[in-house]
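Student: The chain contents come next:
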Amino acid sequence: MKIVKDAIAGTLESSDLQVKVSPQKQLEIVIHSDVIHQFGDQITIIVEDTLKKLGLTEGLIIIEDKGALDCVIKARVEVAVLRGSEVNELNWRTLK
Amino acid sequence: MNTDIKFAILDNSAKSLNDVKNLLELCNLQLDSNIDLFVVAYANKNQIIASTGLYHNIIKCIAIDPKYRGENLSNQLLNEIINYAADKGIFHLFLYTKPENIRIFNECGFYPLVVVPDLATLMENTPVGIAHYCKELSNNQHSGKKIGSIVMNANPFTLGHQYLVEFAAKECDWLYIFVVSEENSLFSFKDRFNLVQAGTAKIANVSVLSSSEYIVSQATFPNYFLKEKADIEHANTGIDLLLFRNYIAPSLNITHRFVGTEPFSPITNKYNQGMKYWLNQYQTMTPKIDLIEIERKHTNGVAISATAVRRLLNENKINEIKELVPETTWNFLQNNYVKNTERYYENR
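Read top to bottom, the protein sequences are chains X and E. If you use this note's numbering, the first sequence corresponds to residues 963 to 1058, in order. If you use this note's numbering, the second sequence corresponds to residues 14 to 361, in order.
These are computed hints drawn from the structure, not numbers from a lab. Any given hint could be a false lead.
Once the Cα atoms are required to be at most 25 Å apart in a straight line, the calculated SDA-like pairs of lysine to any residue come out as [what the hints assert, rightly or not]:
#1 111/E / 996/X
#2 987/X / 194/E
#3 283/E / 255/E
#4 215/E / 340/E
Whole structure, please, built from the sequences with the hints as guidance.
Tutor: Below, the structure written as structure tokens:
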């Protein structure tokens, strides 16, 4: 799966995050977080894991985190990627 | 935290617009006349307490009533305008602000590109936008000691442009021509780009490139937060030229920039003066770029300009154009603007 168009999900409000995705040849993740020093590694793991489960291989993923919980990060990343990849058929089982 | 605050697109009634104007004035800002849409925050049902405007991909006129500050409104406000822009298919956004506000907008996902000290900052809503663009640019790199550059609108490409290119190409190991990509001219970007390519095809050491969003046009600089006209001009040229010097020039090892003297327009003439300052005299981390001003090519004692070509086209004095443009431009004008006059009038 790859990002074929720009898309956005989430907000900049406290405890949420905004995920922006754009088309690009290789996969690149950029994370900007209010809590990067405390939880940077944890956020990176969740984002990478979610993208892996979605099977994303190409695209630029930019994350503006405002201290979101893990489940919120996962949900926002999923929505942004699905919006940006024009997926019609999705294997929900792999996402669970 | 205020819970009864609602965000919405401003209706274009005179009263609403006046409310926004009053709010901006309260914050020591001015209403910018070039705005596609305003998103505002309402409190107490219909009182406007915060505003932000969008013009193409530029966010403008951001103001928050001093009584409502410190409640994280700027984040929500920016969030709303980002979503409205996304609905219109605009994802890459720019924002100009005073340097002291960089931190506030950084919290909203905007990153500073260049700063004109004490006056203005240009920010974009991606931490990697300019870096990716520079990387892409550097794929066009040619080796050499003296690398020249020209930025031109070429509306349309004249013998004057061709003369400047030939002169610069002779002086340099390689020459990059950036054609202004903004669609704000009589001729489309595609036509202008093709004319520059056609008119310089015989010169071996030239690349013609699109200017991209990072060579900012003067028309899009918002001035709502600067009151003095001289400050606006200084900030305007500073942003444009520092983008060129700090990002574009290093990606291609550009050492020189060439420009024609401007006998007609005092604005462009002043811009040439600003170029000397920002590219060469101003102290910054990136290497200096030498500015070389070349006297315009004349024909029959008059300097050749694209303005003159457009005027003659408008007055239908086609034959007088022939001695101002290269054959390639002439053929293009013949095919598109003379033989098919109807299309010309449609395009005007």
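Student: Are the hints correct? Go through all of them and say.
Tutor: Quick rundown of the hints versus the structure:
| no. | hint | verdict |
| --- | --- | --- |
| 1 | 111/E / 996/X | 23 Å, holds |
| 2 | 987/X / 194/E | 24 Å, holds |
| 3 | 283/E / 255/E | 16 Å, holds |
| 4 | 215/E / 340/E | 13 Å, holds |
Of the numbered hints stated above, none is contradicted by the structure.
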